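Enquirer: Read off the chains here:
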Amino acid sequence: MTGEHVLRIEGLWAGVADTEILRGIDLEIRPGEVHAVMGRNGSGKSTLSHVLMGRPGYEVTAGSVTLDGVDLLGLAPWERAQAGLFLCLQHPTEVPGVSLEALLTEAARAGGRDPDTVREALVAEAERLGIDERLLERPLNVDLSGGEKKRNEALQLGVTGARYAVLDEIDSGLDVDALATVSRRIQEATDEDGLGVLAITHFSRLLEVLEPDRVHVLSQGSIRVSGGPELAEQLETEGYVGVLGDAAADEPETLVGLPHAAGFGEDPFADPLA
Amino acid sequence: MCDRRASAAAGLADVAHPDVGEEVWRYSRIDELDLDRFSPSTVRPDAGTGIDAALAESAAATIILCDGWIEAVHVSDAAVEAGVSIGSVADMGDGVDLHGSVLEVPVDLFGHLNRAFCPGPLAVVVPDGVRLDGPVVVVSHVATEGVAAFPRLLVHCGDDAQVLVVEVQTSDDVEALVVPVLEATVGRAGRLRLAVLQELGPRVWQLAHQEVHVGQGASGELFHAGLGGYYARTRTDCRLVGRGAEGRITAAYFGDGEQGLDYRTFQEHAAPDTVSELLFKGAVDDSSRSVYTGLIRVLPEAVRTRANQTNRNIKLSPDAWAESVPNLEIETDDVMCSHASTVSPVDADQRFYLESRGVPTVVAERLLLEGFFAEVVAAAPHPQVASRLRRGLLAKLDRHATVGERGAA
Chain A
0 MTGEHVLRIE
10 GLWAGVADTE
20 ILRGIDLEIR
30 PGEVHAVMGR
40 NGSGKSTLSH
50 VLMGRPGYEV
60 TAGSVTLDGV
70 DLLGLAPWER
80 AQAGLFLCLQ
90 HPTEVPGVSL
100 EALLTEAARA
110 GGRDPDTVRE
120 ALVAEAERLG
130 IDERLLERPL
140 NVDLSGGEKK
150 RNEALQLGVT
160 GARYAVLDEI
170 DSGLDVDALA
180 TVSRRIQEAT
190 DEDGLGVLAI
200 THFSRLLEVL
210 EPDRVHVLSQ
220 GSIRVSGGPE
230 LAEQLETEGY
240 VGVLGDAAAD
250 EPETLVGLPH
260 AAGFGEDPFA
270 DPLA
Chain B
0 MCDRRASAAA
10 GLADVAHPDV
20 GEEVWRYSRI
30 DELDLDRFSP
40 STVRPDAGTG
50 IDAALAESAA
60 ATIILCDGWI
70 EAVHVSDAAV
80 EAGVSIGSVA
90 DMGDGVDLHG
100 SVLEVPVDLF
110 GHLNRAFCPG
120 PLAVVVPDGV
130 RLDGPVVVVS
140 HVATEGVAAF
150 PRLLVHCGDD
160 AQVLVVEVQT
170 SDDVEALVVP
180 VLEATVGRAG
190 RLRLAVLQEL
200 GPRVWQLAHQ
210 EVHVGQGASG
220 ELFHAGLGGY
230 YARTRTDCRL
240 VGRGAEGRIT
250 AAYFGDGEQG
260 LDYRTFQEHA
270 APDTVSELLF
280 KGAVDDSSRS
290 VYTGLIRVLP
300 EAVRTRANQT
310 NRNIKLSPDA
320 WAESVPNLEI
330 ETDDVMCSHA
340 STVSPVDADQ
350 RFYLESRGVP
360 TVVAERLLLE
370 GFFAEVVAAA
380 PHPQVASRLR
390 RGLLAKLDRH
400 ATVGERGAA
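Quick mapping for you: the protein sequence lines, in order, are chains A and B.
One point on numbering: in numbering that gives the first Met the number 0, the residue at position 195 of the first sequence is 194, and numbering is uninterrupted.
One point on numbering: in numbering that gives the first Met the number 0, the residue at position 81 of the second sequence is 80, and numbering is uninterrupted.
These are computed hints drawn from the structure, not numbers from a lab.
Since the structure is predicted, the reported quantities are computational estimates derived from the model, not experimental observations.
A couple of the hints might just be wrong.
Unchecked claim - Just the calculated beta-carbon pair ranges, DEER-fashion:
#1 A:Glu235 - B:Arg398: 55 to 65 Å
#2 A:Val141 - B:Pro344: 14 to 24 Å
#3 A:Asp113 - B:Gly82: 53 to 63 Å
#4 B:Pro344 - A:Gly23: 33 to 43 Å
#5 A:Pro30 - B:Asp346: 27 to 37 Å
#6 A:Arg127 - B:Arg303: 19 to 29 Å
#7 A:Asp131 - B:Ile329: 36 to 46 Å
#8 B:Leu11 - A:Glu136: 26 to 36 Å
Don't be surprised by glycine CBs; every beta carbon is placed ideally from N, CA and C.
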């Protein structure tokens, strides 16, 4: 423990099976900062989010990740969450038979927080996000629209009180209103609670509502260019080829040889383990 | 009755021991069962069996059976006034007509054994038009080491009548064989609900058979919680004999240790416009085994049948094993039948999702399993049945979590 408040990713190499997907990622996110990681499909964006949370199936081959001095890579996923990391999933999993309240009550209990306060926090947070209270009783994510699922993720982020949030393509499958609500809530958390945010996204659309302090362009598993908010605008006008030059041309179209690498209806280049 | 028993006993020699080669005994442990190790109960035991106070509180009647003998019968004044008859078949004028009216011919050796050795069948007769508010609670307990117990229960729910029968099957920690038979009829537009909570000790063999015949516009709803026993098998025959009859069969089971839980179901549609719904959900842990085989049979006259059969199993340990075999046999057109069957481990994506919110692995699995069983618990016909099932499942889940933590450490 250093006492320093920062989510620090250093020299991170990781992949699945025998394929390296991340090839040396370095990032530092401090409380209250919003970092956007942008990249094309297949650049390793989703892999980064899953490796940070410790999803089974990914292997870290080099580097370190520390959260306020705590080595995350040595922890189980639930311990990373208890340490203060939250992953907003691109495709939140449907969990029949388990309610939001049951989940967050157990999470509070495991973290030594008072489980009796969960209900109140849920109701307050639901109000901020414009979530119907009836939704709290429903099984997790079951039969929810894309927008409802993302609001639900933001709701959980608020209630767990995480200190750093990784947003994995939170703008996908989201209508404009829901995007605005969710982004505003996250922006408020950065200002009010000092939440540090790593927003992984394909489009700059998210960054019109969530103001980034830093923008990083991910290509072929490493950060090629970093800059201020103007970099997102440059990407918007010039595209990845304009920003990255020849490096972009070398980007693999898909992750050949990985399980389920192709054939996804919505996004043929989606993360194979997502 | 004596004649019936004597002829059954005399005929036993001609009845073959079941064989795993027969479809209805496939995957069973019947080869392991040595009948010579058990002796039929010949004297009424004096066990002083207790009854769940919460269940008894609102009951229309409570009956205690021990080693198959009727030990105590208590019928509420309201039920007596309504004309409900509950007691030994032998004490009932017309009770004997019920005996064997559903199961004219025993389905197997164990049916024959029950007919020969049952010390006195218990009958519950609810007359036409009588709707009992509280449940009829039957505790069927096994108390004696080495005993072979043959309880038998006859239920008749009259036309337009309604009754809920809750049978709690328990035992002391003895090695025993128990062969319960239940036969039930539901009259026109009647509604019979029957819940069985099987909580036998870990050294008990059980081979149960229940058959219900559902009349015109009537409904038969069977609920089962399978938690105990060394090897506990229940064969259920739900025969829809009247036009528009409905049958619902719902079960939850959870095996651990060396347990074997074995279910055979028959949804038989023998009349037009009949509906059957079956949902069996089970979990197997450690090196336990479960079997579900089910047949939807639609006879030629049963046009416009709707039938559904779903069996879902979760394997919690690599050494556990669940067999699931759904079957359809349809002899007419114009029917809607479906079946679904799964055996799988806990869903890895769901577990990761819960873990990513800060829930430890064992707790995540517990939440998922509680969620898995929630729809069965919600279908319990009485709050006390639901809470007793939930308690039983939670005890098993706690044990699973403790073993899991030990394994992870």
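Enquirer: None of the hints should be skipped; say for each whether it holds.
Expert: Now the hints, each set against the structure:
| no. | hint | in the structure |
| --- | --- | --- |
| 1 | A:Glu235 - B:Arg398: 55 to 65 Å | holds (57 Å) |
| 2 | A:Val141 - B:Pro344: 14 to 24 Å | holds (20 Å) |
| 3 | A:Asp113 - B:Gly82: 53 to 63 Å | holds (56 Å) |
| 4 | B:Pro344 - A:Gly23: 33 to 43 Å | holds (35 Å) |
| 5 | A:Pro30 - B:Asp346: 27 to 37 Å | holds (35 Å) |
| 6 | A:Arg127 - B:Arg303: 19 to 29 Å | violated (52 Å) |
| 7 | A:Asp131 - B:Ile329: 36 to 46 Å | holds (44 Å) |
| 8 | B:Leu11 - A:Glu136: 26 to 36 Å | violated (56 Å) |
Checked against the numbered hints above, the structure violates hints 6, 8; every other hint is satisfied.
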